[in-house]
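Protein chains in written order, with this note's numbering: chain A, 4 to 273; chain B, 11 to 421.
If you are wondering where the hints come from, they were derived from the structure by calculation, not from laboratory data.
Relax, there's no trap hidden among the hints.
Listed next, the in silico DSS-like pairs over lysine-lysine satisfying Cα-Cα at most 27 Å (straight line):
| id | chain 1 | residue 1 | chain 2 | residue 2 |
| --- | --- | --- | --- | --- |
| 1 | B | Lys-268 | B | Lys-256 |
| 2 | B | Lys-399 | A | Lys-54 |
| 3 | A | Lys-54 | B | Lys-256 |
| 4 | B | Lys-248 | B | Lys-205 |
| 5 | B | Lys-417 | A | Lys-54 |
| 6 | A | Lys-130 | B | Lys-256 |
| 7 | B | Lys-337 | B | Lys-268 |
The calculated label-pair distances, taken between Cβ atoms and stated as ranges, are:
| id | chain 1 | residue 1 | chain 2 | residue 2 | range |
| --- | --- | --- | --- | --- | --- |
| 8 | B | Glu-274 | A | Asn-132 | 35 to 43 Å |
| 9 | B | Thr-112 | A | Ser-243 | 34 to 42 Å |
| 10 | A | Leu-177 | B | Ala-261 | 36 to 44 Å |
| 11 | A | Phe-129 | B | Ala-317 | 47 to 55 Å |
| 12 | B | Asn-335 | A | Phe-23 | 54 to 62 Å |
| 13 | B | Lys-60 | A | Phe-129 | 48 to 56 Å |
| 14 | A | Leu-177 | B | Val-403 | 22 to 30 Å |
| 15 | B | Val-403 | A | Leu-40 | 33 to 41 Å |
| 16 | A | Asn-81 | B | Val-338 | 53 to 61 Å |
| 17 | A | Ile-255 | B | Ser-397 | 28 to 36 Å |
| 18 | A | Trp-30 | B | Asp-392 | 25 to 33 Å |
| 19 | A | Ser-243 | B | Asp-363 | 47 to 55 Å |
| 20 | B | Asp-229 | A | Phe-178 | 50 to 58 Å |
A virtual CB, placed ideally from N, CA and C, is assigned to each residue, including glycine.
In case you want the letters, here they are:
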Amino acid sequence: MLLRLYYQTTMLKILKYSFFDLMRSRWSYVYFGFYLLLGVVLLFLNNDLSKAVITLMNVIIVLVPLIGTIFGVMYYYNSKEFTELLLAQPLKRSSIFLGQYLGVALSLSMSLILGLGIPFVFYGLFKSNAIWDFSLLLITGTFLTLIFTALAFNIALSNENKIKGFGYAILLWLFLAIIYDGIFLMTLIFFEDYPLDKLSLVGTMLNPIDLSRTLILLKLDISALLGYTGAIFKQFFGTSFGLVVSFVMLVIWVVLPVLRIMFKSRRKDF
Amino acid sequence: MRSIRLFLVTMFMATSLGAQTINVCGTCNVTSLRDAITLAKPFDTVRVKKGIYKEHDVVIDKPLTLVGENYPVIDGELKGEIITVVSDSVTVDGLFVINVGTSYTEDYAAIRVKKSKHFVIQNVVLEKLFFGIYIEKSSYGKIYHNKIIGDAVEEYNSGNGIQLWYSHYVDIEHNFVEHVRDGIYLEFSDNCVIKNNVSAENLRYGLHFMFSNDDIYQDNTFEDNGAGVAVMFSKKIKMLNNTFKKNWGTASYGMLLKEINDAEIIGNTFEENTIGINLEGSNRITYKNNNFTNNGWAIKVRGACYANRFIENNFLYNSFDISYNSKVNDNIFDRNYWSNYTGYDLDKDGIGDVPYRPVKLFSYIVNRTPETIILLRSLFIDIIDFSEKVSPVFTPDNLMDNNPQTKRITW
Chain A
4 MLLRLYYQTT
14 MLKILKYSFF
24 DLMRSRWSYV
34 YFGFYLLLGV
44 VLLFLNNDLS
54 KAVITLMNVI
64 IVLVPLIGTI
74 FGVMYYYNSK
84 EFTELLLAQP
94 LKRSSIFLGQ
104 YLGVALSLSM
114 SLILGLGIPF
124 VFYGLFKSNA
134 IWDFSLLLIT
144 GTFLTLIFTA
154 LAFNIALSNE
164 NKIKGFGYAI
174 LLWLFLAIIY
184 DGIFLMTLIF
194 FEDYPLDKLS
204 LVGTMLNPID
214 LSRTLILLKL
224 DISALLGYTG
234 AIFKQFFGTS
244 FGLVVSFVML
254 VIWVVLPVLR
264 IMFKSRRKDF
Chain B
11 MRSIRLFLVT
21 MFMATSLGAQ
31 TINVCGTCNV
41 TSLRDAITLA
51 KPFDTVRVKK
61 GIYKEHDVVI
71 DKPLTLVGEN
81 YPVIDGELKG
91 EIITVVSDSV
101 TVDGLFVINV
111 GTSYTEDYAA
121 IRVKKSKHFV
131 IQNVVLEKLF
141 FGIYIEKSSY
151 GKIYHNKIIG
161 DAVEEYNSGN
171 GIQLWYSHYV
181 DIEHNFVEHV
191 RDGIYLEFSD
201 NCVIKNNVSA
211 ENLRYGLHFM
221 FSNDDIYQDN
231 TFEDNGAGVA
241 VMFSKKIKML
251 NNTFKKNWGT
261 ASYGMLLKEI
271 NDAEIIGNTF
281 EENTIGINLE
291 GSNRITYKNN
301 NFTNNGWAIK
311 VRGACYANRF
321 IENNFLYNSF
331 DISYNSKVND
341 NIFDRNYWSN
351 YTGYDLDKDG
361 IGDVPYRPVK
371 LFSYIVNRTP
381 ETIILLRSLF
391 IDIIDFSEKV
401 SPVFTPDNLM
411 DNNPQTKRIT
421 W
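With the rest of the complex left out, here is chain A:
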């Protein structure tokens, strides 16, 4: 019992350390500043909250995964020496790596939420109808950060070679953000003679980026554009059941890589 508590506190301590280490680092500020600027510029140019939310969506589903991936890999390789030092101490391995992972993921999420949140709050978000769309945007953004940082840690843990690690990380992002959609599109066109609604639903659910995009798009009532397919999607995602399923899917996307981090870190030879 006491040992368990000890482990938990060490994880929290490492989390705290990583978190504040990152909070002090230049890159967090750059990231935070970027989103702040983006939010301000969008609102200043658009003067319309719901429009700004759509533009933000475009940015978020592309950039958040990219930055999560790069940052995760970078942080792991950078703090490798410190990790080795920690490993020499009587600490549980999984708490070291989980602490680091959470430290990175949470600081990135915080930069995102604060960077975008502040300009929008000042603009009068709480008085606007767009608050739910915006919240959904931030929630999916946070999920994407958690997912892609975890995936990045996985890659870094499996690759000693930095260059290789970065390469794989970029490839992963490229695959989920772009190539996947290409294959998806080809499949849809190839099987156009068959009923495709189930296939498209499954295809969307399997990729966290597509899932986030669809969730936000449907919230923005673009679903009427989607015609018949849209009706099916709306039927699925519009209900609380569909929403729960999608969030469960996102949670699975977080949990699986995290489990692998724990598993891998337990066996890894340093």
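Go by the hints and put chain B onto chain A.
Below, chain B alone, put in the same frame as chain A:
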């Protein structure tokens, strides 16, 4: 000409003979509309005072002026048609007509005009109706300043607000129609003017044209109708300065054009519709100075559309500007403003130096396989759109605006 002269002469005779006024009220000598009409001589005025009159199948068979004071209620008690006009030169003014009967075999209307000329229906309020104002083989009339509020739920057991059937030279102005099946419906009716009406929240179409030529509709507002406005199988129609708004749904459009030739569509606003204009088999139409704002598709060209000219329109923030389903293009796009235009204007003459291609590859793909629309706003789609823009392979290569404006056009 002779008929008009005859009409004037009879009018004059009627007034000189001293047209009488018959008052109808609960405590008057005459207590029902029907009695008043039987008593009245041609060109008399029947004045209905405030009150509730439970009557239906009132037939006006002589030239009369039926005027309500302070909106007397004519309650049909859901028994059938309420007022039927079968004579020329009848005016119906200021009545509040409710409870028209519903039938699946007959089109009961609150006010029906049958084979008559020179009718005027104005300041009438209709509620709880099946069909509202039904004009049948009647011409030279005026339907002015009426308010029609239905409670239609299903298409199959509801009627239209204002319906014209084989009626020519009718002016429909300043009416307000909502919650019926079709707000205004014209069938085989030529040379009509539909002006300043508001048709909103109707089950099917805000305005519905069938086989009606040479009509003008202008300054109307069509909002939030089930499927928008449908104009079909008609020639030489002028559509000016109308507003088509919020017709948003999986099978909705601002305006559906089917088999329309030689029309003019000028100065209209299409805002927040799933499809701004849906074109099918429509030729030689001029689109000028229209605003297409925030639509899913601004214009969807389905096929067999030739020699249309899209000139000086504003295309603002639509998900797709133009959608084509073939590689053949015979339509002209010129001097429009496209908010998606990314070219430059080096000589600062207000015209972009690079032509704009309004058809995106993605809209072509979506036309082919509608399910692919779920990839909307995906990065991959942006990339293929960009590559198609640089070198068109799938979209019509002569479909472009050679003089895209760099500033929003005002007129």
